[in-house]
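Undergrad: Please build the complex by placing chain B on the supplied structure of chain A, with the hints as guidance.
Residue-level listing of the chains:
Number of protein chains: 2
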Amino acid sequence: MYIYFDCIPCFARQSVEAAVMATKDPTLREKIIRAALKKASEIPLNKTPAHMGMEIHRIIRNLIGEVDPYRTIKSVYNKKALALYPEMKNLVTHASDRIETAVRIAIAGNVIDFGISPTNNEIELNKIIDETMRKPIAVNDLEELRESLENEERILYIADNAGEIVFDRVFIEEIPRFSERVTFAVKGQAVLNDATLKDAEETDMTGIVRVIDNGSDAPGTILETCSKRFRNEFSQADLVISKGQGNYETLSDCGEKCCFLLKAKCPVIAGHFGIEVGDLIIKIAK
Amino acid sequence: MYIYFDCIPCFARQSVEAAVMATKDPTLREKIIRAALKKASEIPLNKTPAHMGMEIHRIIRNLIGEVDPYRTIKSVYNKKALALYPEMKNLVTHASDRIETAVRIAIAGNVIDFGISPTNNEIELNKIIDETMRKPIAVNDLEELRESLENEERILYIADNAGEIVFDRVFIEEIPRFSERVTFAVKGQAVLNDATLKDAEETDMTGIVRVIDNGSDAPGTILETCSKRFRNEFSQADLVISKGQGNYETLSDCGEKCCFLLKAKCPVIAGHFGIEVGDLIIKIAK
Numbered sequence: 153m154y155i156y157f158d159c160i161p162c163f164a165r166q167s168v169e170a171a172v173m174a175t176k177d178p179t180l181r182e183k184i185i186r187a188a189l190k191k192a193s194e195i196p197l198n199k200t201p202a203h204m205g206m207e208i209h210r211i212i213r214n215l216i217g218e219v220d221p222y223r224t225i226k227s228v229y230n231k232k233a234l235a236l237y238p239e240m241k242n243l244v245t246h247a248s249d250r251i252e253t254a255v256r257i258a259i260a261g262n263v264i265d266f267g268i269s270p271t272n273n274e275i276e277l278n279k280i281i282d283e284t285m286r287k288p289i290a291v292n293d294l295e296e297l298r299e300s301l302e303n304e305e306r307i308l309y310i311a312d313n314a315g316e317i318v319f320d321r322v323f324i325e326e327i328p329r330f331s332e333r334v335t336f337a338v339k340g341q342a343v344l345n346d347a348t349l350k351d352a353e354e355t356d357m358t359g360i361v362r363v364i365d366n367g368s369d370a371p372g373t374i375l376e377t378c379s380k381r382f383r384n385e386f387s388q389a390d391l392v393i394s395k396g397q398g399n400y401e402t403l404s405d406c407g408e409k410c411c412f413l414l415k416a417k418c419p420v421i422a423g424h425f426g427i428e429v430g431d432l433i434i435k436i437a438k
Numbered sequence: 153m154y155i156y157f158d159c160i161p162c163f164a165r166q167s168v169e170a171a172v173m174a175t176k177d178p179t180l181r182e183k184i185i186r187a188a189l190k191k192a193s194e195i196p197l198n199k200t201p202a203h204m205g206m207e208i209h210r211i212i213r214n215l216i217g218e219v220d221p222y223r224t225i226k227s228v229y230n231k232k233a234l235a236l237y238p239e240m241k242n243l244v245t246h247a248s249d250r251i252e253t254a255v256r257i258a259i260a261g262n263v264i265d266f267g268i269s270p271t272n273n274e275i276e277l278n279k280i281i282d283e284t285m286r287k288p289i290a291v292n293d294l295e296e297l298r299e300s301l302e303n304e305e306r307i308l309y310i311a312d313n314a315g316e317i318v319f320d321r322v323f324i325e326e327i328p329r330f331s332e333r334v335t336f337a338v339k340g341q342a343v344l345n346d347a348t349l350k351d352a353e354e355t356d357m358t359g360i361v362r363v364i365d366n367g368s369d370a371p372g373t374i375l376e377t378c379s380k381r382f383r384n385e386f387s388q389a390d391l392v393i394s395k396g397q398g399n400y401e402t403l404s405d406c407g408e409k410c411c412f413l414l415k416a417k418c419p420v421i422a423g424h425f426g427i428e429v430g431d432l433i434i435k436i437a438k
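So the sequences go chain by chain: A and B. Under this note's numbering, the first residue of the first sequence carries the number 153, and numbering increases by one thereafter. Under this note's numbering, the first residue of the second sequence carries the number 153, and numbering increases by one thereafter.
Warning: the hint list may mix true and false statements.
Copies of the same chain look alike in the list, so a pair counts if it works inside one copy or between any two.
List of simulated lysine to aspartate or glutamate pairs, DMTMM-like, C-alpha gap at most 25 Å [to be verified]:
id : residue 1 : residue 2
1  : K232      : E276
2  : K191      : D158
3  : K183      : E194
4  : K199      : D177
5  : K417      : D282
6  : K176      : D158
7  : K176      : E194
8  : K190      : D158
9  : K199      : D365
10 : K190      : D177
11 : K417      : D158
12 : K191      : D177
13 : K176      : D220
14 : K287      : E299
For the record, the hints were derived by calculation from the structure and aren't laboratory data.
With the rest of the complex left out, here is chain A (with noise of 0.2 Å):
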């Protein structure tokens, strides 16, 4: 998926919000935000807003070093749904529909995302899955992703952001012999509030299922800007289940296997789907 103009608004307010993330030195914000404008000016409008995002990011290491100033907030977010494991696994036991009722937890997990929500709201984990579980799901292709499920030998589950990663967890825990053919993917780098090894390895995700990284420092997967194992993973799947909207943006032309679950948290991914911000997507890539 490409740049589309109103993306350009959103680049601005995510230069703003990481530079005030990672400094606190008011002369080293505006040359992050100078930088990130100017970066800005210059991007091919057929990148995807991701790379943008990644970018941005890059900025950052640049001009203040290796940082990761979403570090505690990460781990603030993952304690948090942690704390919502054992209610999540009980609406799970208790469902009419098990499958149908773990993925739309892991798309309520979806919510925790500082790209695109302030980083100052304070974020209700236990209302928005209350939300999620009533919503309709306005794309939806759960029946397919059912028999994918059944059928797909190996499957690569690609990571979005901490905290988020619990709730895809208590759906890994319902695919059959999920510890034998699943593999989960995780950020190679910390960007934004992405989940990183370090994450996984918070919320014992390691624990049950092999863990690698991708290699790259993108919020998304940009396929050019990852390891040659994490794509080599990619190549050999059967199934790929991808989180999120940086994930979609990245990944939207990458072939069949491809199935993202995400909500639509912006107008440009509404608009681009022709739902509402806010709508539930399960989308098999045809």
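TA: Showing chain B alone in chain A's frame:
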């Protein structure tokens, strides 16, 4: 008032909206947006936010010639406001405090602003008048303004947007001997939906007071970009009534004779005054 970091995403949004308003050609739109982002990346932060608006519209004129993309919508809002004029006069005539009611009407008119509200949202003027009549005034120097209106001889009334000027007219007509004492100033060139001489003619403002233009293309009053004639009028005025956010941003440090009437339309201005977005302001410069 200087540029805040939080103004920067708004500059990007204004650039995209203005590019889309200015031309249907996607290549030209892209050129405008890229040039505006580059300019934003270089803008000195000790300029006012309105300065950036001026730069965006200079870029547009530079790339596609002398245009007024807002001309049609300005005429539409002049007509809508004129249709409400009898009702607004009626409100004032039956008010227990005619001046307060007239000032509130002038502030209500300040909602018509496409630099801040998206252009495709239909503005319900009637509803806005109703709300503005009842709302407490968050920053309230009405009594000082009332005194100045009685005592100061030369009054310069600096207009903001097309449509809004009909609301200003209702207020001006309550100022004792307005036709002798009030000079009404509009923009020198088309920028956003700011009122120009054409709007003053369309709403017959030219029939009731002396109207001048300020010689400038800024969506505010950046004195160094204004004509010598306007600057003379400004320096000789005993009372300056300044309408709207752009004029506040650019004149907030211009001395004690200024009275600012506006609605806080964005979080930056609201934060600057320590009030909420949507709050009403009658502010005498101190």
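Undergrad: Are the hints correct? Go through all of them and say.
TA: Hint by hint, here is what the structure shows:
1. With identical chains, the CA atoms of K232 and E276 are at most 25 Å apart within one copy only, with a shortest distance of 10 Å there and 43 Å across copies.
2. For the homomeric pair K191 and D158, the shortest alpha-carbon distances inside one copy (16 Å) and between copies (19 Å) are both at most 25 Å.
3. Taking CA atoms no more than 25 Å apart as the test, K183 paired with E194 passes in both settings, with 17 Å inside one copy and 10 Å between copies.
4. Proximity of K199 and D177 under a CA criterion of 25 Å is satisfied inter-copy only: 20 Å between copies versus 31 Å inside one chain copy.
5. Proximity of K417 to D282 under the C-alpha cut-off of 25 Å is restricted to the intra-copy arrangement: shortest distance 18 Å within a copy versus 34 Å between copies.
6. For the identical chains of this complex, K176 and D158 are inter-copy neighbours only, at 15 Å across copies versus 29 Å inside a copy, given an alpha-carbon limit of 25 Å.
7. Taking identical chains as interchangeable, the C-alpha atoms of K176 and E194 lie at most 25 Å apart only when they sit on different chains, with a minimum of 21 Å there against 27 Å within one chain.
8. Taking the closest pair of Cα atoms, K190 and D158 come within 25 Å of each other both inside a single copy (17 Å) and across two copies (17 Å).
9. Taking CA atoms no more than 25 Å apart as the test, K199 paired with D365 passes inside one copy only; the shortest distance there is 23 Å, against 45 Å between copies.
10. Taking the closest pair of Cα atoms, K190 and D177 come within 25 Å of each other both inside a single copy (20 Å) and across two copies (23 Å).
11. Taking the shortest alpha-carbon separations for K417 and D158, both the intra-copy value of 14 Å and the inter-copy value of 21 Å come in at or below 25 Å.
12. For a Cα distance limit of 25 Å, the shortest separation of K191 from D177 qualifies both inside one copy, at 21 Å, and across copies, at 23 Å.
13. In this assembly of identical chains, K176 and D220 lie within 25 Å of each other by CA distance solely inside one copy; the values are 14 Å within and 42 Å between copies.
14. For the identical chains of this complex, K287 and E299 are intra-copy neighbours only, at 23 Å inside a copy versus 58 Å across copies, given an alpha-carbon limit of 25 Å.
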